[in-house]
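Single-letter residue listing:
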Amino acid sequence: EAQVTQNPRYLITVTGKKLTVTCSQNMNHEYMSWYRQDPGLGLRQIYYSMNVEVTDKGDVPEGYKVSRKEKRNFPLILESPSPNQTSLYFCASSLSVGGRTNYGYTFGSGTRLTVV
Amino acid sequence: GDSVTQMEGPVTLSEEAFLTINCTYTATGYPSLFWYVQYPGEGLQLLLKATKADDKGSNKGFEATYRKETTSFHLEKGSVQVSDSAVYFCALSFRFDYKLSFGAGTTVTVRA
Chain P
-17 EAQVTQNPRY LITVTGKKLT VTCSQNMNHE YMSWYRQDPG LGLRQIYYSM
33 NVEVTDKGDV PEGYKVSRKE KRNFPLILES PSPNQTSLYF CASSLSVGGR
83 TNYGYTFGSG TRLTVV
Chain Y
298 GDSVTQMEGP VTLSEEAFLT INCTYTATGY PSLFWYVQYP GEGLQLLLKA
348 TKADDKGSNK GFEATYRKET TSFHLEKGSV QVSDSAVYFC ALSFRFDYKL
398 SFGAGTTVTV RA
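Chain order of the listed sequences is P and Y. According to the working numbering, the first sequence is numbered sequentially starting from -17. According to the working numbering, the second sequence is numbered sequentially starting from 298.
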């Protein structure tokens, strides 16, 4: 089954304790992205990657890191989480988002992170 | 910058009612437009899309037409079911850009 898999689904952590949320896709997609969803704000892009070893900042990158060492994996790293990073996080991938062949993204099921 | 504005919810309807969710956008140029749906406890699923003016996207009884003159992409369904209860997001992206810009989402609840 074609899918984007995120882990964990739920995570409660303490301020300052480094954590990684994993994301993997099995569709050979080149483009991957992380979003956070907050009430009343919709989804905002954190980071995206156009291909292996190519990443760039989205709208709200502060406090996050990413890496793209393999095409299928795009982990999100919080080096020192803070309570304002409590949110619902989605990983997404796409075959193409440019021009007429804009397929949109396939989203994972989400990771609900609580930082206390 | 580019932005998407959706009608505020929540929207509560009875089964078989007509649903419209308004979506307008502000952008320089001609983006591709999308509607995504998020069912309770799940991730977002692409519902439909349109990539150029006057295109109509349709899926699962939902329709939306890309109106360049009014910069709108309103979502409609003629007869909703309880299973359509979800959060609906309007979004846009540009050619050679890799970001989806989302509206705030509209929560729809359909009662039997």
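Incorrect hints may appear among the rest.
As the list claims (entries may be wrong) - Derived Cβ-Cβ restraints for the label pairs, each shown as a range:
#1 Y/Pro307 <-> P/Asp38: 22 to 28 Å
#2 Y/Arg364 <-> P/Lys(-1): 32 to 38 Å
#3 P/Glu61 <-> Y/Tyr336: 31 to 37 Å
#4 P/Gly(-2) <-> Y/Ser376: 49 to 55 Å
#5 P/Lys(-1) <-> Y/Lys357: 17 to 23 Å
Unchecked claim - Each computed BS3-like pair below joins lysine-lysine, with the alpha-carbon atoms no more than 30 Å apart:
#6 P/Lys39 <-> P/Lys53
#7 Y/Lys396 <-> P/Lys53
#8 P/Lys51 <-> P/Lys0
#9 P/Lys0 <-> P/Lys39
#10 P/Lys39 <-> Y/Lys357
#11 Y/Lys353 <-> Y/Lys365
#12 Y/Lys396 <-> Y/Lys349
#13 P/Lys(-1) <-> P/Lys47
#14 P/Lys39 <-> Y/Lys396
#15 P/Lys0 <-> Y/Lys396
#16 P/Lys53 <-> P/Lys(-1)
#17 P/Lys47 <-> P/Lys0
#18 Y/Lys349 <-> Y/Lys365
#19 P/Lys51 <-> Y/Lys357
#20 Y/Lys353 <-> Y/Lys396
#21 P/Lys47 <-> Y/Lys396
#22 Y/Lys396 <-> Y/Lys357
#23 P/Lys(-1) <-> P/Lys39
Bear in mind the hints are in silico, worked out from the structure with no lab data behind them. A virtual CB, placed ideally from N, CA and C, is assigned to each residue, including glycine.
Results of checking the hints against the structure:
1. Y/Pro307 <-> P/Asp38: 22 to 28 Å: violated, 35 Å
2. Y/Arg364 <-> P/Lys(-1): 32 to 38 Å: violated, 49 Å
3. P/Glu61 <-> Y/Tyr336: 31 to 37 Å: Cβ of P/Glu61 to Cβ of Y/Tyr336: about 33 Å, so the range 31 to 37 Å holds.
4. P/Gly(-2) <-> Y/Ser376: 49 to 55 Å: holds, 52 Å
5. P/Lys(-1) <-> Y/Lys357: 17 to 23 Å: violated, 42 Å
6. P/Lys39 <-> P/Lys53: holds, 18 Å
7. Y/Lys396 <-> P/Lys53: holds, 18 Å
8. P/Lys51 <-> P/Lys0: holds, 20 Å
9. P/Lys0 <-> P/Lys39: holds, 20 Å
10. P/Lys39 <-> Y/Lys357: Given that 30 Å is the threshold and the Cα spacing comes to 35 Å, the pair is violated.
11. Y/Lys353 <-> Y/Lys365: holds, 12 Å
12. Y/Lys396 <-> Y/Lys349: holds, 18 Å
13. P/Lys(-1) <-> P/Lys47: Given pair P/Lys(-1), P/Lys47 holds - Cα atoms ~14 Å apart, limit 30 Å.
14. P/Lys39 <-> Y/Lys396: holds, 10 Å
15. P/Lys0 <-> Y/Lys396: holds, 27 Å
16. P/Lys53 <-> P/Lys(-1): Holds: P/Lys53 and P/Lys(-1) sit about 27 Å apart, inside 30 Å.
17. P/Lys47 <-> P/Lys0: holds, 11 Å
18. Y/Lys349 <-> Y/Lys365: holds, 8 Å
19. P/Lys51 <-> Y/Lys357: The given pair, whose Cα atoms are some 38 Å apart, is violated under the 30 Å limit.
20. Y/Lys353 <-> Y/Lys396: Holds, at roughly 22 Å.
21. P/Lys47 <-> Y/Lys396: OK: P/Lys47 and Y/Lys396 at ~17 Å, within 30 Å.
22. Y/Lys396 <-> Y/Lys357: holds, 26 Å
23. P/Lys(-1) <-> P/Lys39: holds, 23 Å
When held up to the earlier numbered hints, the structure conflicts with 1, 2, 5, 10 and 19 and fits the remainder.
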